[in-house]
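Work out the full structure: start from the sequences and follow the hints.
Next come the chains, spelled out residue by residue.
There are 2 protein chains.
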Amino acid sequence: MSRREGRSERIRARTARQELAAPFTIRRIGFVSLIDEAAVAIIERNADRILDEIGMEFRGDAETLDLFRKHGARVDGQRVRFDPGWCRDKIKTAPRIFTQHARNPARSVQIGGEAQVYCPSFGPPFVHDMEKGRRYATIGDFQAITKLHHSLAAVNHSGGVVVEPVDLPVPVRHLHMAHAHLTLNDKPFMGAVTAPERARDTIEMCRLAMGADFVDQNCVLYSVVNTNAPLVMDETMLWALKEYAKAGQCTVVSPFVLGGAMSPVSIAATLAQVLAEVLASVALIQLIRPGAPAAFGTFFSPISLKTGAPTFGTPEGTQFQMCAKTLADRLGLPFHSVGALTASKVPDAQAGYESQAQLMGATMAGVNFIIHATGCLEGLLTTGYEKIVMDADRCSAMMRFVQGVDFSEAAQAMEAFQEVPPGGHFLGATHTRENFETAFWMGEMSDNGTYEQWSAEGALWEHERAALRVKKLLADYQQPAMDVAIRDSLDDFVARRTREIEGGKP
Amino acid sequence: MSRREGRSERIRARTARQELAAPFTIRRIGFVSLIDEAAVAIIERNADRILDEIGMEFRGDAETLDLFRKHGARVDGQRVRFDPGWCRDKIKTAPRIFTQHARNPARSVQIGGEAQVYCPSFGPPFVHDMEKGRRYATIGDFQAITKLHHSLAAVNHSGGVVVEPVDLPVPVRHLHMAHAHLTLNDKPFMGAVTAPERARDTIEMCRLAMGADFVDQNCVLYSVVNTNAPLVMDETMLWALKEYAKAGQCTVVSPFVLGGAMSPVSIAATLAQVLAEVLASVALIQLIRPGAPAAFGTFFSPISLKTGAPTFGTPEGTQFQMCAKTLADRLGLPFHSVGALTASKVPDAQAGYESQAQLMGATMAGVNFIIHATGCLEGLLTTGYEKIVMDADRCSAMMRFVQGVDFSEAAQAMEAFQEVPPGGHFLGATHTRENFETAFWMGEMSDNGTYEQWSAEGALWEHERAALRVKKLLADYQQPAMDVAIRDSLDDFVARRTREIEGGKP
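Taken in order, these protein sequences are the chains called G and V. Just so we're aligned: 796 in this note's numbering is position 459 of the first sequence, and the numbers increase by one with no gaps anywhere. Just so we're aligned: 683 in this note's numbering is position 346 of the second sequence, and the numbers increase by one with no gaps anywhere.
Misleading hints may appear alongside valid ones.
A pair holds if it fits inside one copy or across any two, identical chains being indistinguishable in the list.
Said to hold, decoys possible - No more than 20 angstroms apart at the CA atoms, straight line, and that leaves these computed lysine to aspartate or glutamate pairs for DMTMM-like:
hint	residue 1	residue 2
1	Lys469	Glu789
2	Lys808	Asp743
3	Lys429	Asp666
4	Lys429	Asp550
5	Lys643	Glu774
6	Lys643	Glu781
7	Lys643	Glu771
8	Lys643	Asp829
It is worth saying that the hints were derived from the structure and are not from the lab.
This is the structure in structure tokens:
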């Protein structure tokens, strides 16, 4: 090994250790808000008016309606109306900051406050890679993607439905997804929200993996419940919300809004609608179990006036987040929103521009939990293998960004100016030699070399380098350790529940 | 024409008219700073110490040294040292805000204050397109690129050396570049900085095009002078600075810094060095002609510790801008810095991620004049035809972003909630019908349609769609009107000066 290679190895090892040490990022800079106090007052008043005059529908669950009625909300059929301030009062019991525990305690994440967590995409039925193109996802894809996220230091979370394993029957998918999250990755993950028994199964698997007492007393699942905007929560989401709230697990209420279709065609109106939906839904969580962790989520995409399709990486997407975060702060709730979204079908420049815009906007806004931070293509219909590693590199840059600028005496380096005369260079200066290894962020995916080097190495575009990196990460993947008895109990649980579900038991 | 097509046409026409109406963007949101008052005080004190203890070298020009000496700076050989506060006092005569006039008054731009101007890349010797690949640029490329920028509403400026026309002899290139800027585009442009007689030629061509009196009394050229960091201004740049300052034209002092090589390997130290260089250089401009317009420029790229090459779209690049802008504000100078930079050799995802990161960072920082906002590839060694139209689309998004969020009563749309019940949709609501055409930003380059539509249209990646758009823009290009006598005078000037220069006269 040459001296140069030796140095390069040292640097890599040191960087890897540093990254492992941080399961999430603590922000050291402020967040960017685009809403002032006067506008906050307007939006809050409008949300109160919507809840008072229009109300929200909670569908298909008498227990929920009874609970609302019992605590003084005005229930009319499935429509629930709220006096101004009622919801805000009820949600005061929700924690400002909490920990979502991972199976590996070193991977547990803080939700809320100054913490930022980057999480994979959720929900795509398709996968894409450069070799095989776009196709329906399988449980094999789910597992491979979960391994990738385990290996990528800039991804803090294993996510939820990272892709839909469409080769498995719907009623058992959740078992295999939770099994993959628990055995192939040791970062925290998300619970199923498609049926109450699936939520219970996921909680039960966490009890097997992490201990029943621990799970009963701590948040180990973080699950996303979407309202059906405008102003409806359907039966399926409602039941999932109830299961997780009863178990003291976190529920994020995230109105899914295509602006102009599912909300009025403006940011100001959509903010009021989203705030109304979150207020009512988080109030319900707190009625079910006061103190249960919850978060304020948003998914806002303006629709294209040309095609009616959702758009991503737009100015309005970022502006919306930079207002909603302030509304969440006012409620004392952690804020959850979207990251590297794109409408592009492939890992091209459009994917890069749009994903970076949305990810950087979310980071500047101070989103605490950034979902869809890796992999998104085609507006979440597809997850791209190459896109995952490309996005993760940008997450790593964002993590560095929010740590702010070092103005310490060491960083000021005034002695370097005494050492290097005008017109000289600093490469050999003492300060440079002592600090260059960690001074600036170093990505894994960008090619910064000369045109000649790049050409000699095959003139690869970023998605081609990413395809190679995916292969290498999967080849080098090491499964995190797990006690054999725990592993057996998880395997047995999946086998037993599969037999029961196939036999007709829910 | 179907009803649907009719609507689509109307929308396009309206959008185009709106864009034409705005030669630059007035920011309605604050800017993002990462430096607080205490850190500002540290950086300003360190810059003063550098100027006092180390000083700056002004090379090859006795007149400059005499001028500094006469006004009380300490001159020792070519090294000039400054008492703390001396430079800051001298630059007080520079205007906070000024107008750079274009040949077409409707295209004139405000520099400074709340204005944001997006300008093409400067300096690449190569061009790239998907058809012919990378090659040395010619005057034909220069002209084609200048036509493209004339046609793109989101580009506010025609730039300077948009590419180096290497097929022309160096001593006459500036004539043909200024001729292209003045005849093929009617937006403002930049002056040559490679020799004093070339600066004089450019000013003379502006006098022919815009009237001698007008040019003598107004700023019509905006020219970028790079220091040779650390702490040197060379003869060539110094002479250009002097010519433009004497003529009352704007000079931007922009230290070109590869962090870790041309400055210490930290943001804090580089800020102090850059501030010192700008202070001394802008003081010189004000000594030459008090009140001459000037700006505080930065070009900061951290070098890669792996390759020694410059990197772009990094966290530090943005952090640096978000500190330097505040230093410029403290001096009352407009702030000029870099936009959509990338190290990528091709218009791939890396180009998208990096360019968007740097462009969005510059926009958030509140950079008044964003240079290199379109076309950059390979760290400014190349301009890409496709990259120009891709970047311009993102500039358009940024312009919309800085206009902030509308919280007016109309935007609150409270009546829409009365009209649409929970679970309904807003597509047909009165508020939507009245506002959807202008409510959200609409790009030209992103494909937001379905996978099936996209496949049916050829499954084109963004750079492939961009190649088609470049062809269409050039085919549809219409040369801006110019008085025949003016055009003749410009042609004659270029012919005469070419004969003189080829005959040996500078």
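Copy assignment of Lys643 with Glu771, given that the CA separation must stay at most 20 angstroms:
between (55 angstroms within a copy, 16 angstroms between copies)
Given a CA cutoff of 20 angstroms, do Lys643 and Glu781 count as a within-copy pair, a between-copy pair, both, or neither?
between (37 angstroms within a copy, 11 angstroms between copies)
Check Lys429 against Asp550 for me: Cα-Cα at most 20 angstroms, and say if that holds within a copy, between copies, both or neither.
The answer is neither: 26 angstroms in one copy and 69 angstroms across copies each exceed 20 angstroms.
Quick one: Lys469 to Glu789, C-alpha cut-off 20 angstroms, is that within a copy, between copies, both, or neither?
Classified as between; 17 angstroms across copies, 30 angstroms inside a copy.
Lys643 and Asp829: within-copy, between-copy, both or neither at 20 angstroms Cα
neither (52 angstroms within a copy, 48 angstroms between copies)
Under a CA distance limit of 20 angstroms, which applies to Lys643 and Glu774: within one copy, between copies, both, or neither?
between (49 angstroms within a copy, 9 angstroms between copies)
Cα distance capped at 20 angstroms. Does Lys808 pair with Asp743 within a copy, between copies, both, or neither?
neither (37 angstroms within a copy, 47 angstroms between copies)
Please sort Lys429 with Asp666 into within, between, both or neither, judging by C-alpha distance up to 20 angstroms.
within (12 angstroms within a copy, 42 angstroms between copies)
Of the numbered hints stated above, those contradicted by the structure are hints 2, 4 and 8, listed in ascending order.
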